Amino acid sequence: MSQGAALPVQSPSASAAAAARPDVCLRGLDITFALKTGELHAAVKNIDLDIAPGEFVTIVGPTGCGKSTLLNATAGLLKPSAGHVEIQGAALNGLNGKAGYLFQADALMPWKTAIDNVAVALEPMGVPKAEALKRAQDWLARVGLKGFAQRYPHMLSGGQRKRVALAQMLIRDPQILLMDEPFGPLDAQTRQIMGNLLLDLWAANKKAVMFVTHDLEEAIALSDRVVVMSAGPAAGIVGDFRVELPRPRDIAEIRTEPAFHAIHKAIWASLRVEVQKAYSQGEEAQQ
Amino acid sequence: MNRVTLIALQLLVGVAFLLVWHLLTTVPVVDGKPLFAPFFFSTPLEVLARTWKDFASGEIWRHLGITLLETVLAFAIGAAGGIVVGFAFARRELLAAVFDPYVKAANALPRVVLAPIFALWFGLGIWSKVALGFTLVFFIVFFNVYQGVKEVSPTVLANARMLGMNERQLLRHVYWPAALTWMFSSLHTSVGFALVGAVVGEYLGSAGGLGYKIHEAESVFDVTGVFSGMVILTIFVIVLDTFVTAIENRLLVWRPDTAAKTA
Ligand SMILES: Nc1ncnc2c1ncn2[C@@H]1O[C@H](COP(=O)(O)OP(=O)(O)OP(=O)(O)O)[C@@H](O)[C@H]1O
Ligand SMILES: [Mg+2]
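Going down the list, the protein sequences come from chains A and B. The first sequence maps to residues 1 to 287 in this note's numbering. The second sequence maps to residues 1 to 263 in this note's numbering.
Incorrect hints may have been included.
Stated by the list, open to error - 25 Å max Cα-Cα, derived PhoX-like pairs, lysine-lysine:
#1 K98(A) - K206(A)
#2 K129(A) - K79(A)
#3 K146(A) - K129(A)
#4 K129(A) - K112(A)
#5 K36(A) - K150(B)
#6 K150(B) - K112(A)
#7 K33(B) - K79(A)
#8 K146(A) - K112(A)
#9 K277(A) - K265(A)
To be verified - Covered by chain A, per the in silico footprint, the following chain B stretches (three or more residues, Cβ under 8 Å):
#10 168 to 178
#11 199 to 211
Derived from the structure by calculation, the hints contain no laboratory data. These numbers were taken from a predicted model, which means no experiment stands behind them. Cβ atoms here follow ideal geometry from the backbone N, Cα and C, with glycine treated the same way.
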């Protein structure tokens, strides 16, 4: 077990070639929003982050610090104000076609059934409809929604919708996964089931993952690395911790390991400061 | 309140209305005359008899057919135009910005003033009525489609783009269904307006249709004929509306408010 605040962390497990060419490479990223009032809001500032192929990296940070903003920039949905995004060695220009994105908000097409929502993801790849439906059914079964194929999104629970969205993202087999609080609306038990499901799927076919969560325990249980962001505005990365816990992991059981507690303590020491900062900012803004 | 009671109460209002009408127009009060002269107000039984006769003789079917045809054409052409222009404006900011004042001005114009012009341009046949209905339907559909395309959830759109959809696929899987939802939310209104266009057009000058029938009766002070025409028009509207509701329920199954029912 090790912890390090050195940036960026060199990945000892990844091969030399992979280390030379990370799947995701953010360099000197600034993102500033122009507000309607004419003010500028610097959301994140000077972000450097590398994600190696097959590496599971989780970003934690106080609410509003710019986690979703970072994912949006990596997805190519948001153009950074400064710095650049490189995907597998190539500068990102426009949308990131290599990435699948699980959005924080509901993103399923409400007018399509669960199976159609999943199957339609294959249409841009030119997969014939019948074949797409068959594969979509397989994916629904894999995320435990076999019997829900014909439901429309509003007839599914929040967790079921997230699972449909997960299947929709994974069916395209993207090389990079961007996941923004995918288990946000779920209860603790379902979170664990989903977390284990995600780890199984990921272990079977390792991708670079950029994962966002509010739940530090979940972050540690899932990840190879946990990155801590500071409270905004102009948030930066203030901690980068390697999680050297053995895999395969079980989300529930791994929490009981002593090594887990040590890592948790180290990361929380860094995160707590930022959360408190964000909290007191919010209080000031209220007064 | 359960359904049966509700329907009973609804019927009660109708029956009470007819009863009052009947009493006022038939029961002699002064000089052996009823309070309301049947010449001006007709009587429910006469109206019923006339309506029955019109249907039985088959005479009314021709007029119904004409009005239906005009309504359907006005709706179909108006909706098609509204969809195309609504999409174009929603996807091309410049187009919308340039035409905005003209669209607003055109929509503010009372359509009745156009009827004589349409009669001049398209003659007294069905097309002048279709044109009138078109001007009404077009704007409703146009505004709704425009709004629908504009207000697609940004997350749904971003997600679809991340799935690799090109412009055509976005149109088919995202914009089109979103626009349709809005269009269907105004389906009752736009079908209603198509009918208004047809009937008003017929009323102002034609040789057939329900509007013509009513006008014809009015011109000879045949109050029974006018009321009978209105009754037939009402029946027609109810049938049409039921049909629209059926289509709507079928096409919008995915919507929470139409589909979420607890057993
Ligand atoms: N489109 C926008 N226009 C202006 N400001 C924005 C916009 N999007 C985000 N912001 C601001 O940028 C900051 C970062 O937002 P972001 O959504 O990335 O936060 P987050 O870390 O994902 O928060 P949460 O954990 O609550 O999801 C916030 O202060 C937010 O108000
Ligand atoms: Mg967020």
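Results of checking the hints against the structure:
no. : hint              : result
1   : K98(A) - K206(A)  : 14 Å, holds
2   : K129(A) - K79(A)  : 34 Å, violated
3   : K146(A) - K129(A) : 19 Å, holds
4   : K129(A) - K112(A) : 14 Å, holds
5   : K36(A) - K150(B)  : 19 Å, holds
6   : K150(B) - K112(A) : 19 Å, holds
7   : K33(B) - K79(A)   : 85 Å, violated
8   : K146(A) - K112(A) : 16 Å, holds
9   : K277(A) - K265(A) : 18 Å, holds
10  : 168 to 178        : holds (count 5)
11  : 199 to 211        : violated (count 0)
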